[in-house]
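Visitor: Below, each chain spelled out in residue letters.
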Amino acid sequence: MSASDPQRSARPEVNVVVCTDEYGCGRWYHRGRNAEAVLGDMQAAAKRLGGERVQVTTAGCILGCTYGPRFDVVRRWSGEKALYGSIQGEATVTRRGRVQFAAIPDDLEQVLCDHLTETAVPIDRLAGPNPPANIDLLRRILSDCSKGMGDATVGLDEAVIMVHNPAATVSIPATLANLQFVDGSGSADPAGDIALLATDGDGQAALQLSRIRQIEFLCRQLRNGMPSYSIWLRDDDLATVYRIYLRRSENPANNPLRHRLFMDLIEKYGEKVTL
Amino acid sequence: MTYIITEPCVGVKDAACVDVCPVDCIYTTDDDDMYFISPDECIDCAACEPVCPVTAIFAEEAVPGMYEDYIKINYDYFSK
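Heads up: the sequence lines are chains A and B, in that order. So for the first sequence, this note's numbering puts the first residue at 1; every next one is plus one. So for the second sequence, this note's numbering puts the first residue at 1; every next one is plus one.
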């Protein structure tokens with residue numbers, strides 16, 4: 001094939017392959033975007049850069065990972081690849097072993113510029129420190145859990161907070177309706193960095209919001225056939241640091257409403273939200 | 001299932017599929033006139049299919065009738 005062949009001349013400089021797997025990345029959110037939104041924004045960014053230099057396509061799950069939404073960027077002019085996902089830094093994925101992730105930034109056009117020939121930056125410079133977690137989004141999610149949303153008349157209410165480390169596990173009954181946000185001095189502040197829950201028996205459970213990177217809503221059926229609802233909060237290393245398990249309500253009429261709210265939360269935010 | 005590379009690749013060897021394949025399962029040699037996907041290593045992610053500039057790649061069960069011979073050609077390549 002000659003260099004003047006039209007097929008060769010149409011070769012893009014950069015290929016972007018966005019995972020839209022319906023059982024993986026398609027269900028997860030990173031800083032307010034799921035895989036479909038990332039794909040749409042990436043296609044728009046590619047178009048703004050002229051369309052022909054960047055080819056954006058989709059793929060199924062290629063990693064067996066839990067770090068989505070994610071996409072690969074392939075520099076066809078150098079053969080280098082970069083991997084973007086919901087975390088920043090090194091991680092292990094089933095089919096590739098240890099890989100280096102760059103966190104998906106808000107500006108996807110900049111991502112493309114970082115890989116085009118004349119504006120490319122060295123691949124190993126892409127994995128910088130994590131951007132700050134989106135605390136506003138976390139506050140919004142927790143508030144929706146506490147108060148309900150839309151036409152919901154109840155919040156998730158009765159729960160058990162579970163905190164676990166290699167040496168101990170603590171379970172504390174609490175009611176999500178008692179959620180409030182406070183500042184570092186403990187004063188009520190809707191924009192505070194700490195979520196405070198009054199627990200049963202006049203105790204308190206404090207959560208440092210800036211340390212939370214990911215929140216996941218889990219709805220499972222137990223072996224006895226009963227449903228289990230829980231919310232898992234994870235830190236920068238995606239280690240689980242705080243879990244909220246729903247208890248059965250003392251008012252049985254509230255349980256179907258709480259189930260609906262839980263499903264509505266998943267519908268609104270996705271099963272897994274990276275902040 | 002796997003993906004199969006067919007006749008349009010012959011003589012083209014653009015290699016876009018090779019570049020995007022996440023598990024590096026697409027092979028060739030200088031003596032080969034096309035690329036081949038290892039059926040044992042392919043993870044069915046479909047990343048290769050849309051990037052091929054000559055539409056040579058198909059899911060195994062979707063290979064057009066006129067290219068069906070290439071299913072065997074791909075498998076045979078890796079059974080040598």
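Read the hints as simulated data drawn from the structure, not as lab findings. Even glycine gets a Cβ: it sits at the ideal position worked out from N, Cα and C. Fair warning: there could be bad hints in the mix.
[Said to hold, decoys possible] Derived DSSO-like pairs: lysine-lysine, alpha-carbon spacing no greater than 30 angstroms straight-line:
no.: 1; chain 1: B; residue 1: Lys72; chain 2: B; residue 2: Lys13
no.: 2; chain 1: A; residue 1: Lys47; chain 2: A; residue 2: Lys268
no.: 3; chain 1: B; residue 1: Lys13; chain 2: A; residue 2: Lys268
no.: 4; chain 1: A; residue 1: Lys47; chain 2: A; residue 2: Lys81
no.: 5; chain 1: B; residue 1: Lys80; chain 2: A; residue 2: Lys47
no.: 6; chain 1: B; residue 1: Lys80; chain 2: B; residue 2: Lys13
[As the list claims (entries may be wrong)] Label-pair distances were calculated between CB atoms; the ranges are:
no.: 7; chain 1: B; residue 1: Asp40; chain 2: A; residue 2: Asn255; range: 27 to 33 angstroms
no.: 8; chain 1: B; residue 1: Thr55; chain 2: A; residue 2: Arg125; range: 54 to 60 angstroms
no.: 9; chain 1: B; residue 1: Val54; chain 2: A; residue 2: Gly225; range: 51 to 57 angstroms
no.: 10; chain 1: A; residue 1: Leu238; chain 2: B; residue 2: Ala59; range: 29 to 35 angstroms
no.: 11; chain 1: A; residue 1: Asn255; chain 2: B; residue 2: Tyr67; range: 27 to 33 angstroms
no.: 12; chain 1: A; residue 1: Thr117; chain 2: B; residue 2: Thr55; range: 24 to 30 angstroms
no.: 13; chain 1: B; residue 1: Val23; chain 2: A; residue 2: Asn255; range: 43 to 49 angstroms
no.: 14; chain 1: A; residue 1: Thr94; chain 2: B; residue 2: Pro64; range: 30 to 36 angstroms
no.: 15; chain 1: B; residue 1: Gly65; chain 2: A; residue 2: Arg96; range: 31 to 37 angstroms
no.: 16; chain 1: A; residue 1: Lys47; chain 2: B; residue 2: Val23; range: 28 to 34 angstroms
no.: 17; chain 1: A; residue 1: Ala37; chain 2: B; residue 2: Ser79; range: 40 to 46 angstroms
no.: 18; chain 1: A; residue 1: Ala152; chain 2: B; residue 2: Tyr67; range: 53 to 59 angstroms
no.: 19; chain 1: A; residue 1: Arg98; chain 2: B; residue 2: Asp40; range: 30 to 36 angstroms
Visitor: Kindly confirm whether 28 to 34 angstroms is satisfied by the beta carbon distance between A/Lys47 and B/Val23.
Guide: holds (30 angstroms)
Visitor: Taking 30 to 36 angstroms as the hint, is the beta-carbon distance of A/Arg98 and B/Asp40 inside that range?
Guide: violated (23 angstroms)
Visitor: Are the Cα positions of B/Lys13 and A/Lys268 separated by 30 angstroms at most?
Guide: Violated, at about 45 angstroms.
Visitor: If I claimed the Cβ atoms of A/Ala152 and B/Tyr67 lie 53 to 59 angstroms apart, would that claim hold in this structure?
Guide: holds (55 angstroms)
Visitor: Would the pair B/Lys72 and B/Lys13 pass a check requiring their Cα atoms to be no farther apart than 30 angstroms?
Guide: Holds - the C-alpha atoms of B/Lys13 and B/Lys72 are around 19 angstroms apart, at most 30 angstroms.
Visitor: Are B/Asp40 and A/Asn255 spaced within 27 to 33 angstroms by their CB atoms?
Guide: Cβ of B/Asp40 to Cβ of A/Asn255: about 49 angstroms, so the range 27 to 33 angstroms is violated.
Visitor: Is it true that B/Thr55 and A/Arg125 lie within 54 to 60 angstroms of each other by Cβ?
Guide: Cβ of B/Thr55 to Cβ of A/Arg125: about 36 angstroms, so the range 54 to 60 angstroms is violated.
Visitor: Please verify whether A/Lys47 and A/Lys268 have alpha carbons no more than 30 angstroms apart.
Guide: holds (29 angstroms)
Visitor: B/Val54 and A/Gly225, beta-carbon distance inside 51 to 57 angstroms?
Guide: Since the Cβ atoms of B/Val54 and A/Gly225 sit about 54 angstroms apart, the hinted range of 51 to 57 angstroms holds.
Visitor: Range hint 30 to 36 angstroms: satisfied by the CB atoms of A/Thr94 and B/Pro64?
Guide: Taking Cβ atoms as reference, A/Thr94 and B/Pro64 lie about 33 angstroms apart, which means the hint holds.
Visitor: Using the beta carbons of A/Thr117 and B/Thr55, state whether their distance is inside 24 to 30 angstroms or not.
Guide: For B/Thr55 against A/Thr117, whose Cβ atoms are near 26 angstroms apart, the range 24 to 30 angstroms holds.
Visitor: Compare the distance between the alpha carbons of B/Lys80 and B/Lys13 with 30 angstroms, and conclude whether the hinted pair is satisfied.
Guide: holds (21 angstroms)
The earlier numbered hints that this structure contradicts are 3, 5, 7, 8, 11, 19.
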